[in-house]
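Enquirer: Okay, here's what each chain looks like letter by letter:
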Amino acid sequence: QKEVEQNSGPLSVPEGAIASLNCTYSDRGSQSFFWYRQYSGKSPELIMSIYSNGDKEDGRFTAQLNKASQYVSLLIRDSQPSDSATYLCAVYSWDTGRRALTFGSGTRLQVQP
Amino acid sequence: NAGVTQTPKFQVLKTGQSMTLQCAQDMNHNSMYWYRQDPGMGLRLIYYSASEGTTDKGEVPNGYNVSRLNKREFSLRLESAAPSQTSVYFCASRETGGYTFGSGTRLTVV
Chain A
10 QKEVEQNSGP LSVPEGAIAS LNCTYSDRGS QSFFWYRQYS GKSPELIMSI
60 YSNGDKEDGR FTAQLNKASQ YVSLLIRDSQ PSDSATYLCA VYSWDTGRRA
110 LTFGSGTRLQ VQP
Chain Y
12 NAGVTQTPKF QVLKTGQSMT LQCAQDMNHN SMYWYRQDPG MGLRLIYYSA
62 SEGTTDKGEV PNGYNVSRLN KREFSLRLES AAPSQTSVYF CASRETGGYT
112 FGSGTRLTVV
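Those protein sequences? They're chains A and Y, same order as listed. Residue 122 is where the first sequence ends in my numbering, and the numbering goes up by one at each step. Residue 121 is where the second sequence ends in my numbering, and the numbering goes up by one at each step.
In case anyone wonders, no lab produced these hints; they're calculated from the structure. Watch out, some of these pointers could steer you wrong.
Across the chosen pairs, the derived CB separations fall in these ranges [said to hold, decoys possible]:
{"hint": "1", "chain 1": "Y", "residue 1": "Thr31", "chain 2": "A", "residue 2": "Arg69", "range": "33 to 43 angstroms"}
{"hint": "2", "chain 1": "A", "residue 1": "Glu12", "chain 2": "Y", "residue 2": "Glu63", "range": "20 to 30 angstroms"}
{"hint": "3", "chain 1": "A", "residue 1": "Gln40", "chain 2": "Y", "residue 2": "Glu63", "range": "19 to 29 angstroms"}
{"hint": "4", "chain 1": "Y", "residue 1": "Thr31", "chain 2": "A", "residue 2": "Pro19", "range": "34 to 44 angstroms"}
{"hint": "5", "chain 1": "A", "residue 1": "Glu54", "chain 2": "Y", "residue 2": "Asp37", "range": "28 to 38 angstroms"}
{"hint": "6", "chain 1": "A", "residue 1": "Arg69", "chain 2": "Y", "residue 2": "Gly14", "range": "19 to 29 angstroms"}
{"hint": "7", "chain 1": "Y", "residue 1": "Ala13", "chain 2": "A", "residue 2": "Lys51", "range": "14 to 24 angstroms"}
{"hint": "8", "chain 1": "Y", "residue 1": "Gly64", "chain 2": "A", "residue 2": "Asp36", "range": "25 to 35 angstroms"}
{"hint": "9", "chain 1": "A", "residue 1": "Pro23", "chain 2": "Y", "residue 2": "Asn39", "range": "36 to 46 angstroms"}
{"hint": "10", "chain 1": "A", "residue 1": "Ser21", "chain 2": "Y", "residue 2": "Leu80", "range": "40 to 50 angstroms"}
{"hint": "11", "chain 1": "A", "residue 1": "Asp67", "chain 2": "Y", "residue 2": "Thr16", "range": "19 to 29 angstroms"}
In the DSS-like style, the derived pairs of lysine-lysine whose C-alpha atoms are separated by at most 30 angstroms in a straight line are [claimed, not checked]:
{"hint": "12", "chain 1": "A", "residue 1": "Lys65", "chain 2": "A", "residue 2": "Lys51"}
{"hint": "13", "chain 1": "A", "residue 1": "Lys76", "chain 2": "Y", "residue 2": "Lys68"}
{"hint": "14", "chain 1": "A", "residue 1": "Lys76", "chain 2": "A", "residue 2": "Lys65"}
{"hint": "15", "chain 1": "Y", "residue 1": "Lys82", "chain 2": "Y", "residue 2": "Lys68"}
{"hint": "16", "chain 1": "A", "residue 1": "Lys51", "chain 2": "Y", "residue 2": "Lys68"}
{"hint": "17", "chain 1": "Y", "residue 1": "Lys82", "chain 2": "Y", "residue 2": "Lys20"}
{"hint": "18", "chain 1": "Y", "residue 1": "Lys25", "chain 2": "Y", "residue 2": "Lys68"}
{"hint": "19", "chain 1": "Y", "residue 1": "Lys68", "chain 2": "Y", "residue 2": "Lys20"}
{"hint": "20", "chain 1": "Y", "residue 1": "Lys20", "chain 2": "A", "residue 2": "Lys51"}
{"hint": "21", "chain 1": "A", "residue 1": "Lys51", "chain 2": "Y", "residue 2": "Lys25"}
{"hint": "22", "chain 1": "A", "residue 1": "Lys51", "chain 2": "Y", "residue 2": "Lys82"}
The beta-carbon is built from N, C-alpha and C at its ideal position, and this holds for glycine as well.
All chains, please: the whole structure from these sequences, using the hints.
Expert: Here's what the structure looks like:
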């Protein structure tokens with residue numbers, strides 16, 4: 010079982026809709042959770058971080074964390090064509106002994122004009 | 012601008028050749044990382060350095076070596092390149108919170 014799992018997509022939504030991206034993780038000891046956006050041919054860019062259960066909002070982005078279900082999601086409201094990219098979920102856990110992020114393989118989002 | 016600088020941006024190697032990928036950050040971060048990214052595989056950790064003077068293996072360290080030269084610089088060396096090392100390589104740094112990534116090195120081994 011992969012440590013961090015994401016649906017590869019593509020997830021296609023119309024412009025103005027809400028895009029919902031999901032991620033599950035296997036290590037119950039995980040403490041920190043991040044969402045990165047990566048445009049084709051570019052490096053990942055941090056867009057959200059979340060550390061405690063519940064919702065965290067930043068502009069059009071909302072991150073949701075449920076540690077009991079080992080689930081983290083990213084909602085993008087009022088999706089724009091410029092949001093079309095691959096979204097990477099990343100998880101940080103002290104318990105693995107590896108002080109580094111573990112990434113999912115990413116979900117490709119396509120926003121249709 | 013503050014950030015993580017990687018060189019070179021592109022490189023073609025022949026099988027068996029060696030090379031060093033350079034990475035430098037000017038944000039005074041303690042931790043630095045090397046990842047490779049392959050289609051459908053996501054980002055996989057090669058090596059990391061939690062602080063100056065320390066390095067640790069990640070998920071896919073075979074065929075690579077690293078040097079944390081000082082707090083700013085963390086290099087990745089391929090001693091004898093193989094076609095399986097064809098990939099995009101990203102360096103990143105972190106103090107707390109998420110990473111800041113460099114722009115990447117696209118390496119092709121023929």
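Enquirer: Has the given pair, Lys76(A) with Lys65(A), been kept, meaning a C-alpha gap of at most 30 angstroms?
Expert: 14 angstroms, holds
Enquirer: Taking only the CA atoms, is the gap from Lys76(A) to Lys68(Y) under or equal to 30 angstroms?
Expert: Since the Cα atoms of Lys76(A) and Lys68(Y) sit roughly 28 angstroms apart, the hinted pair holds (cutoff 30 angstroms).
Enquirer: Regarding the pair Lys51(A) and Lys25(Y), is the alpha-carbon distance no greater than 30 angstroms?
Expert: 25 angstroms, holds
Enquirer: Would you check the hint for Lys25(Y) and Lys68(Y), treating anything up to 30 angstroms between C-alpha atoms as holding?
Expert: With a Cα-Cα distance of about 25 angstroms, the restraint between Lys25(Y) and Lys68(Y) holds, given a limit of 30 angstroms.
Enquirer: For Lys65(A) and Lys51(A), compute the direct alpha-carbon distance and say whether it is at most 30 angstroms.
Expert: With Cα atoms ~26 angstroms apart, Lys65(A) and Lys51(A) stay inside 30 angstroms; holds.
Enquirer: Is the distance from the Cβ of Glu54(A) to the Cβ of Asp37(Y) consistent with 28 to 38 angstroms?
Expert: Check failed, 18 angstroms falls outside 28 to 38 angstroms.
Enquirer: Given the hinted pair Lys82(Y) and Lys68(Y), is their Cα-Cα distance within 30 angstroms?
Expert: The hint holds at about 18 angstroms.
Enquirer: Cβ-Cβ distance between Gln40(A) and Glu63(Y): within 19 to 29 angstroms?
Expert: 24 angstroms, holds
Enquirer: Quick check on a hinted range of 36 to 46 angstroms for Pro23(A) and Asn39(Y), using CB atoms only.
Expert: Since Pro23(A) and Asn39(Y) have Cβ atoms about 44 angstroms apart, the given range 36 to 46 angstroms holds.
Enquirer: Is the straight-line distance between the alpha-carbon of Lys51(A) and that of Lys68(Y) 30 angstroms or less?
Expert: Holds: Lys51(A) and Lys68(Y) sit about 25 angstroms apart, inside 30 angstroms.
Enquirer: Would you mind confirming whether the straight-line C-alpha gap from Lys82(Y) to Lys20(Y) stays at or under 30 angstroms?
Expert: Judged against 30 angstroms, a Cα distance of about 22 angstroms means the pair holds.
Enquirer: Starting from the hint 34 to 44 angstroms, judge whether the C-beta atoms of Thr31(Y) and Pro19(A) obey it.
Expert: About 37 angstroms separates the Cβ atoms of Thr31(Y) and Pro19(A), which means 34 to 44 angstroms holds.
In terms of the numbered hints stated before, the structure departs from hint 5 and from no other.
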